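Enquirer: Each chain, written out:
There are 2 protein chains.
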Amino acid sequence: MPQKNPRRNAFYAQSGGVTPVINASACGVIETARANRGAIGKVLAGRNGIIGALREELINTGRETPAAIRGLMHTPAGAFGSCRHKMKSLEENRAEYERLIEVFHAHDIGYFFYNGGGDSADTCLKVSQLGEALGYPIQAIHVPKTIDNDLPLTDNSPGFGSVAKYVAVSTREAAMDVASMCETSTKVFILEVMGRHAGWIAAAGGLAGEGPAEAPHVILFPEIAFDRERFLRKVDATVKKVGYCVIVASEGAQYADGTFLADAGTRDAFGHAQLGGVAPTLAHMVRSELGYKHHWAVADYLQRSARHIASQTDLDQAYAVGRAAVEFALAGHNAVMPAIVRGKGKRYRWSIGEAPLAKVANREKKMPRRYISRDGFGITAAAREYLTPLIQGEAYPPYADGLPRYPALKLELVPPRLKQRFDV
Amino acid sequence: MPQKNPRRNAFYAQSGGVTPVINASACGVIETARANRGAIGKVLAGRNGIIGALREELINTGRETPAAIRGLMHTPAGAFGSCRHKMKSLEENRAEYERLIEVFHAHDIGYFFYNGGGDSADTCLKVSQLGEALGYPIQAIHVPKTIDNDLPLTDNSPGFGSVAKYVAVSTREAAMDVASMCETSTKVFILEVMGRHAGWIAAAGGLAGEGPAEAPHVILFPEIAFDRERFLRKVDATVKKVGYCVIVASEGAQYADGTFLADAGTRDAFGHAQLGGVAPTLAHMVRSELGYKHHWAVADYLQRSARHIASQTDLDQAYAVGRAAVEFALAGHNAVMPAIVRGKGKRYRWSIGEAPLAKVANREKKMPRRYISRDGFGITAAAREYLTPLIQGEAYPPYADGLPRYPALKLELVPPRLKQRFDV
Numbered sequence: 001m002p003q004k005n006p007r008r009n010a011f012y013a014q015s016g017g018v019t020p021v022i023n024a025s026a027c028g029v030i031e032t033a034r035a036n037r038g039a040i041g042k043v044l045a046g047r048n049g050i051i052g053a054l055r056e057e058l059i060n061t062g063r064e065t066p067a068a069i070r071g072l073m074h075t076p077a078g079a080f081g082s083c084r085h086k087m088k089s090l091e092e093n094r095a096e097y098e099r100l101i102e103v104f105h106a107h108d109i110g111y112f113f114y115n116g117g118g119d120s121a122d123t124c125l126k127v128s129q130l131g132e133a134l135g136y137p138i139q140a141i142h143v144p145k146t147i148d149n150d151l152p153l154t155d156n157s158p159g160f161g162s163v164a165k166y167v168a169v170s171t172r173e174a175a176m177d178v179a180s181m182c183e184t185s186t187k188v189f190i191l192e193v194m195g196r197h198a199g200w201i202a203a204a205g206g207l208a209g210e211g212p213a214e215a216p217h218v219i220l221f222p223e224i225a226f227d228r229e230r231f232l233r234k235v236d237a238t239v240k241k242v243g244y245c246v247i248v249a250s251e252g253a254q255y256a257d258g259t260f261l262a263d264a265g266t267r268d269a270f271g272h273a274q275l276g277g278v279a280p281t282l283a284h285m286v287r288s289e290l291g292y293k294h295h296w297a298v299a300d301y302l303q304r305s306a307r308h309i310a311s312q313t314d315l316d317q318a319y320a321v322g323r324a325a326v327e328f329a330l331a332g333h334n335a336v337m338p339a340i341v342r343g344k345g346k347r348y349r350w351s352i353g354e355a356p357l358a359k360v361a362n363r364e365k366k367m368p369r370r371y372i373s374r375d376g377f378g379i380t381a382a383a384r385e386y387l388t389p390l391i392q393g394e395a396y397p398p399y400a401d402g403l404p405r406y407p408a409l410k411l412e413l414v415p416p417r418l419k420q421r422f423d424v
Numbered sequence: 001m002p003q004k005n006p007r008r009n010a011f012y013a014q015s016g017g018v019t020p021v022i023n024a025s026a027c028g029v030i031e032t033a034r035a036n037r038g039a040i041g042k043v044l045a046g047r048n049g050i051i052g053a054l055r056e057e058l059i060n061t062g063r064e065t066p067a068a069i070r071g072l073m074h075t076p077a078g079a080f081g082s083c084r085h086k087m088k089s090l091e092e093n094r095a096e097y098e099r100l101i102e103v104f105h106a107h108d109i110g111y112f113f114y115n116g117g118g119d120s121a122d123t124c125l126k127v128s129q130l131g132e133a134l135g136y137p138i139q140a141i142h143v144p145k146t147i148d149n150d151l152p153l154t155d156n157s158p159g160f161g162s163v164a165k166y167v168a169v170s171t172r173e174a175a176m177d178v179a180s181m182c183e184t185s186t187k188v189f190i191l192e193v194m195g196r197h198a199g200w201i202a203a204a205g206g207l208a209g210e211g212p213a214e215a216p217h218v219i220l221f222p223e224i225a226f227d228r229e230r231f232l233r234k235v236d237a238t239v240k241k242v243g244y245c246v247i248v249a250s251e252g253a254q255y256a257d258g259t260f261l262a263d264a265g266t267r268d269a270f271g272h273a274q275l276g277g278v279a280p281t282l283a284h285m286v287r288s289e290l291g292y293k294h295h296w297a298v299a300d301y302l303q304r305s306a307r308h309i310a311s312q313t314d315l316d317q318a319y320a321v322g323r324a325a326v327e328f329a330l331a332g333h334n335a336v337m338p339a340i341v342r343g344k345g346k347r348y349r350w351s352i353g354e355a356p357l358a359k360v361a362n363r364e365k366k367m368p369r370r371y372i373s374r375d376g377f378g379i380t381a382a383a384r385e386y387l388t389p390l391i392q393g394e395a396y397p398p399y400a401d402g403l404p405r406y407p408a409l410k411l412e413l414v415p416p417r418l419k420q421r422f423d424v
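Protein chains in written order, with UniProt numbering: chain A, 1 to 424; chain B, 1 to 424.
Check before you lean on any hint, since a few could be wrong.
Unchecked claim - Derived lysine to any residue pairs resembling SDA-like cross-links, with alpha carbons at most 25 Å apart:
no., chain 1, residue 1, chain 2, residue 2
1, B, LYS86, A, GLY211
2, B, LYS410, A, GLY211
3, A, LYS293, B, ALA262
Claimed, not checked - Chain A side only, calculated, beta carbon under 7 Å to chain B, not exhaustive:
no., residue
4, VAL18
5, GLY78
6, SER82
7, CYS83
8, MET87
9, MET176
10, ASP177
11, SER185
12, HIS295
13, ASP300
14, LEU403
Source of the hints: derived by calculation from the structure; they are not laboratory data. Fair warning: this is a prediction, and the values are worked out from it, not measured in the lab. Glycine residues also receive a C-beta, built at the ideal position from the N, C-alpha and C atoms.
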C-alpha cells in the first residue's frame with residue numbers, strides 16, 4: 001500500500017446519463033487541480049467512466065491544452081465517455097474493488113472524483129470506504145450530476161437547469177405553433193420528456209406559460225397516478241375552452257398500480273425499466289376517445305444534449321461543484337458531495353455546501369406535492385419560484401459555419417502498468 | 001367594382017404549416033407597406049389565414065406599434081394565425097371566390113399577399129386571376145415559405161434554413177451523447193424529422209458530421225426507396241465498425257411501392273397523409289432484427305417552431321421576400337413570387353428575383369439524386385455546398401427570466417362591413 005504522498009494523482013469519471021453541462025464539472029475538476037499542482041498530481045479520466053479504471057484505460061488530461069480544457073465548458077455529452085456500470089457491494093463483488101485498488105495503486109491515485117447521480121453516489125461511497133475496508137487510502141468525492149434533479153441534499157442537480165430551459169423554451173415555441181393553427185388543424189399536442197420517477201423535467205415545461213391558463217394545459221407527473229378518464233376529460237374541456245391543448249408528459253407517468261404508461265419492456269444495467277413511448281400512447285388515447293387531430297414529439301436525447309440552449313446558472317453551478325470537489329479533497333475530506341445551497345431572500349443566490357455521501361446515495365428526491373397544482377395537472381407558484389432561477393441566462397456555445405464548435409481533445413491514454421487485463 | 005385607387009389596402013395571410021421565421025416575412029410586408037404610405041393603405045391580416053378573409057375577420061395591423069411589428073422578427077409560429085384551407089378551382093367553388101371579392105371590395109383591398117408553400121401558391125395564382133375571371137382588380141403576390149424547401153424556382157424556401165440548423169445542431173449534440181455512452185448503453189439512435197415527400201430536412205442532419213465517416217451514419221430520404229435488409233445491414237455494419245449508429249429519418253421515408261414506413265392513417269385538409277411514427281417503426285426493426293439497445297426522438301413541431309436557434313441567413317431572407325412582395329406589388333406586378341437567387345462564385349451571395357406563379361404552383365422540388373450519396377444513406381459534397389450557407393448565423397431572440405420574450409400584439413379586428421356571415 002502506498003504511503004501518503006503530497007502529490008498523489010486524481011481519478012475522474014463520468015457516470016450514467018450525460019447532461020449538457022457535465023463537462024463543465026470536468027473542467028472545474030481539472031482546472032482546480034491544475035491550479036493546485038503543488039498538492040495534486042495528474043488528473044486521469046476514466047475512459048467511458050468507471051470501466052476505464054477497471055480496464056486501466058486512463059486518459060491523461062495533462063496532455064490537453066488549457067484552451068481544450070476550457071472548451072469543455074461548452075461541450076455537451078461526456079467528453080471522456082460515460083457508462084452505466086453499477087458496482088455491487090464489496091461482499092458481492094470483491095474482485096472489482098480489488099482491481100480498482102490495483103489500478104489506483106499502480107497509478108498512485110489518491111483522489112476519486114465521481115461525476116454522477118444517485119447510483120453513482122452509492123459507488124462513490126463504497127470507494128470512499130476502501131481505506132477502512134481494504135486498507136487503500138483514498139478520498140472519494142461525488143460530483144453531483146443528473147438531469148432528473150432527483151438527488152437529495154442539494155437544492156438542485158447540475159444538468160437539470162439546462163434541460164429545464166430546453167423543455168420550457170421548446171414547450172413555449174411548440175405551443176405557439178399549435179395555437180396559431182388550431183382553428184383548422186392540430187388540436188392536441190403532446191411532448192414527452194425525460195425524468196424517470198421524478199416529475200422535475202415535466203414541471204419545467206410548466207414554465208412555458210405565465211400562469212395556469214396558458215399552455216401547457218396538462219402536465220403528467222410520475223408523482224400523480226394517471227387516471228385515463230380524468231385526463232381525457234381535462235383535454236376535452238381544454239380544447240373546448242381554449243381551442244387547443246398542449247400536454248407535457250413525463251416518461252415516468254404511471255397508473256395508480258405503478259404500471260408505466262409505456263414500458264418499453266427492456267431494462268438498463270441498473271435494472272431500471274427503459275422508458276419511452278408515452279407520447280404516442282397518449283396520442284392514440286386522444287384520437288380514439290376524443291377524435292381530435294394531434295401531433296406528438298419525443299425529445300429523448302435531444303433534451304439532455306442541448307448545450308446550444310444551456311442555462312448559464314446551470315453551467316456556473318456545474319463548474320462550481322467540480323471545483324469544490326477538488327477543494328474538499330485538498331482539505332482532506334472524504335465521502336462527501338458538494339451541494340448547491342439556495343440562499344434565503346427574494347433574490348436568488350446560491351453557494352456550495354457539503355453533504356455526506358451516506359445520506360445521498362440511493363435516495364430519489366421527487367417533486368413535493370405542494371409543487372403540483374391541486375388537480376394534479378399543473379405546477380404551483382411555489383414550483384415556479386423554485387424552478388425559474390435555474391433556467392436563467394443563455395450560455396451559448398461558439399459557432400463556426402453555422403454549427404457549434406467543440407474542442408478537439410487528444411484523449412491520450414497513459415501507458416498501462418499492469419500486466420493483467422480485466423473483463424468488465 | 002372599385003376604381004383603381006392610389007391607396008388601396010392590402011390583405012396579408014399566413015398559410016399552411018408555420019415556420020420559425022414566417023413572422024419575419026410578415027414584418028417585411030408590413031414595414032415596407034408602412035414605408036410606402038402614399039401608395040398603399042392599411043395592411044389587414046387574415047385571422048387564421050385565408051379563412052379570416054372568408055369570415056371577414058381582418059386584423060388591423062395598423063394598430064400595432066412599430067416595436068411590436070419589429071418584434072415579429074423573433075417570434076415563431078404564425079402571429080396572425082394560419083390554416084390549411086385549400087381553395088378549389090373557380091368552377092368547383094365559385095361561392096368562396098365571390099365571397100373573397102365581397103370582403104375585399106368592402107375593405108378596398110387591392111393587394112393580396114399570401115405567405116405559404118406550394119398549395120398556397122396555387123390559391124394565390126387563382127386570386128391573381130380574379131380580375132380577369134370575375135372583374136375584381138387585385139394584385140396577388142405569393143410570399144414563399146415552407147420548412148420542406150420543396151418550392152421550385154427559388155434556390156431555397158424561407159423557413160427551411162432555420163429548421164435545417166435546428167436539425168443539424170440537434171443531430172450533432174445527440175450524436176455526441178450516443179458516442180459518449182455507446183460502450184455500455186445505447187448503440188442506435190434514431191431522429192425522425194419532417195419534410196414530407198422531400199428529403200431536404202433529413203439531408204440537413206447530414207451537416208452534423210464533417211464527412212461521411214461521422215454521425216449521422218444513415219439518412220433515410222423519401223427520394224430513396226427504403227430497403228429493410230440493406231438498412232439493417234448498414235446499421236449493423238456501422239455499430240460493429242464505429243461502436244454506434246445515428247440515423248436521421250425523414251417522416252416521408254417510404255418503400256419502393258410508395259407505402260410510407262409509418263402512415264398514421266389520417267389526412268390533412270389538402271388530402272395529404274398525416275405522417276409520423278417512422279422513428280419507433282425503425283427502432284422496433286432494429287431491436288427485433290439486430291437486438292441493439294436503441295433510443296429514438298421525434299422532433300415534430302419542436303423543429304419548425306425552434307426560433308431560439310434560427311438561422312440568421314434564413315431570417316434575413318424571410319424578411320427580404322416579404323419586403324420584395326410589397327415592392328413588386330407597388331411596381332404593378334401580379335401573379336408572381338419573390339424568389340431567392342444564389343449568386344455565382346465560391347462565397348455565398350443571394351439576391352431576390354421574381355418567379356411567375358404559374359410555374360410555382362403545385363410543383364414539388366425534391367432532393368436531386370446528385371445530393372444523395374451513391375449508397376443512398378448520406379449526402380454528397382454538392383449537398384453540403386448547397387446546404388451550409390443556409391444555416392449560417394445565429395439569430396437569437398431576446399430573453400427575459402430565462403425564456404424568449406415575444407411582443408404582445410393587439411390583434412384587433414376591423415369592424416365588419418358585411419351583414420352576411422360565411423361558413424368555412
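Enquirer: Verify the proposed pairing of LYS293 of chain A with ALA262 of chain B, using a straight-line Cα cut of 25 Å.
Expert: With a Cα-Cα distance of about 17 Å, the restraint between LYS293 of chain A and ALA262 of chain B holds, given a limit of 25 Å.
Enquirer: Using Cβ atoms only, decide whether HIS295 of chain A comes closer than 7 Å to chain B, and label the hint accordingly.
Expert: This hint holds: HIS295 of chain A lies near chain B, its Cβ roughly 5 Å from the closest one there, short of 7 Å.
Enquirer: Against the 25 Å threshold, does the CA-CA distance of LYS86 of chain B and GLY211 of chain A hold or violate the hint?
Expert: 36 Å, violated
Enquirer: Taking 7 Å as the limit, does the beta-carbon of VAL18 of chain A come near enough to a beta-carbon in chain B?
Expert: 6 Å, holds
Enquirer: Taking the closest Cβ pair, is CYS83 of chain A under 7 Å from chain B?
Expert: Given a least distance of 4 Å, the restraint on CYS83 of chain A holds.
Enquirer: Tell me if the interface restraint on SER185 of chain A is satisfied: Cβ within less than 7 Å of some Cβ in chain B.
Expert: For SER185 of chain A, the interface hint holds, since the closest Cβ of chain B sits about 5 Å away, which is under 7 Å.
Enquirer: Go through the hint on SER82 of chain A and say holds or violated, using the shortest Cβ distance to chain B against 7 Å.
Expert: Because about 5 Å separates SER82 of chain A from the closest Cβ in chain B, which is inside the 7 Å limit, the hint holds.
Enquirer: Next pair to validate is LYS410 of chain B with GLY211 of chain A; report whether the Cα-Cα distance is within 25 Å.
Expert: It holds: about 20 Å lies between the C-alpha atoms, which stays within 25 Å.
Enquirer: So, ASP177 of chain A near chain B? Judge it on the closest CB pair being under 7 Å.
Expert: Interface hint status for ASP177 of chain A: holds (4 Å vs cutoff 7 Å).
Enquirer: Let's test the interface hint: is any C-beta of chain B closer than 7 Å to that of MET87 of chain A?
Expert: 13 Å, violated
Enquirer: Go through the hint on GLY78 of chain A and say holds or violated, using the shortest Cβ distance to chain B against 7 Å.
Expert: 4 Å, holds
Enquirer: Would you settle whether the hint for ASP300 of chain A is holds or violated, based on the nearest Cβ-Cβ distance to chain B being less than 7 Å?
Expert: 4 Å, holds
Hint compliance for this structure: hints 1, 8 are not met, and every other hint is.
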